[in-house]
Every structure is written in C-alpha cells, then in structure tokens.
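Under full-length UniProt numbering, residue 206 is the last one in the sequence shown; the count climbs by one each step, no gaps.
FYI, nobody ran anything at the bench for these hints, they're computed from the structure. All of these numbers come straight from a predicted model, not from anything done at the bench. There may be inaccurate statements among the hints.
[Unchecked claim] Calculated cross-link-like contacts (lysine-lysine; reagent style DSS-like; alpha-carbon spacing at most 27 Å):
hint : residue 1 : residue 2
1    : 86        : 198
2    : 168       : 185
3    : 205       : 190
4    : 109       : 37
5    : 110       : 205
6    : 109       : 31
7    : 110       : 77
8    : 168       : 198
9    : 51        : 77
10   : 31        : 110
11   : 86        : 111
12   : 31        : 111
13   : 160       : 111
14   : 90        : 111
15   : 77        : 176
16   : 160       : 205
17   : 149       : 51
18   : 88        : 111
19   : 156       : 168
20   : 176       : 160
21   : 205       : 176
22   : 51        : 90
23   : 160       : 110
24   : 149       : 198
25   : 37        : 111
26   : 37        : 86
27   : 168       : 51
28   : 190       : 156
29   : 90        : 160
30   : 149       : 88
31   : 198       : 160
32   : 185       : 205
33   : 90        : 190
34   : 110       : 37
35   : 37        : 51
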Amino acid sequence: MLFLIYLRNNILLDEILLGHKVNYTDEELVKLIVDNKDSYYFSILYDRYAKFVYNRCYSFVNSEDEAQDLTHDIFIKIYVSLNTFKGKSKLSTWIYSIVYHFCINYINKKKAQKIVFYEIPDDVNPDKESFDLIDDIDDQDLFEINYEKLQEILQKISDKDRIILLMKYQDDLTIKEISELLGLKESTIKMRLLRAKKRVLELHKQ
Numbered sequence: 001m002l003f004l005i006y007l008r009n010n011i012l013l014d015e016i017l018l019g020h021k022v023n024y025t026d027e028e029l030v031k032l033i034v035d036n037k038d039s040y041y042f043s044i045l046y047d048r049y050a051k052f053v054y055n056r057c058y059s060f061v062n063s064e065d066e067a068q069d070l071t072h073d074i075f076i077k078i079y080v081s082l083n084t085f086k087g088k089s090k091l092s093t094w095i096y097s098i099v100y101h102f103c104i105n106y107i108n109k110k111k112a113q114k115i116v117f118y119e120i121p122d123d124v125n126p127d128k129e130s131f132d133l134i135d136d137i138d139d140q141d142l143f144e145i146n147y148e149k150l151q152e153i154l155q156k157i158s159d160k161d162r163i164i165l166l167m168k169y170q171d172d173l174t175i176k177e178i179s180e181l182l183g184l185k186e187s188t189i190k191m192r193l194l195r196a197k198k199r200v201l202e203l204h205k206q
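Construct all of the structure, not just a fragment, from the sequences and the given hints.
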C-alpha cells in the first residue's frame, strides 16, 4: 500500500509545482516509463487507471480490503511488466488482461475448486436446435432486475458465470475480446453467456 500512497503523493506534488495537470496519451506514458524508469510517469498512469483496476478487482472478490490489496499488487505487476506492452491492443485492454488473470489466480488459491473455463468439444454445436439454450435471452430482462437484487443474485451463481457476465455487461467487452481473454471460441462464450443469463433469471424468479 505504501507504493500506491507514494505514487499518489508524487503526482499531486508535481501538479502543484507545475500549476496544471500533465496530459500524456497512454502510449506516450508507456514509452516515458520504460525509457526513463521514472516513478513520476508511472504515478500518472496509476492516477488514470487506479479506479478502473480497483472496480474490476472488487467485482471479482466483493471485498473492499481484498480489492485494495489486489489493486496494490496488480500495479506492481504492471510496473515491472510494462516493457512487455507492445501496443497491439489498447493499454486498458492489456491492463484488464492482467487484472483478470491476477484475480483468477487469487481466487483459485483461496478455493479448493479452481475456476477453469473449458472449451466446448467440437462435436457440440450451440447453434443447433437440439441445444437446450438455443433461445437467446433478451438483455432487457436482465436490465429490468433491481440493482440490489442483481448484486445479491451474482453472489449466488458460480464464479465462472459471474465473471463472464461482468466482462460482458459491466466492462462492456465484446464477444471477441472475451474470447481472446479466456482463450475460448466465440461460440463457447455465447453459450456460456446464455447459460449464465438463464441462471440469473431463474434465481430472480424464486
């Protein structure tokens, strides 16, 4: 936690001395951090993405203390790994990938049963009529659920279902982006979303 306090104080001090906020693009910041190994530039990056990282961590663990600890550890991970960022995706997507894998590893260490997203066997086709989830569920059915009730339901479903729903509807990731993050086919992601939405609506009706 001291690392994050230092970064936050560092950026506030420089803003006071300069009299204004320094604006860099994400790409410029990455280059400055990697080239100069200067924590000042990283403090700007931290200020820009701290809330983003914390909110994603909280959605995984549902605990403020754990989310804060994870945020601290993830920013250290980002700091030491930033030289591996090649700009093939947006920086926010790269950071999200680190958050996702870090949180999954954390949850798996806490639980006896690990979260594993298995691929659908090739001989199972979720697009065939024989598949029990062929009828898609209107997203509006989810949006009409009271927020507090929805949060309660999300804590009752499996981690796998909750994570994939949060990726799609909280973080607004596309099917393709979720597919790339989880290393699964897009058809598998669609099937798992259908299954997760069905489970949420079933619990809502109880």
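What are the numbers of the hints the structure violates, in ascending order? 1, 4, 5, 6, 10, 11, 12, 14, 18, 21, 25, 30, 32 and 34
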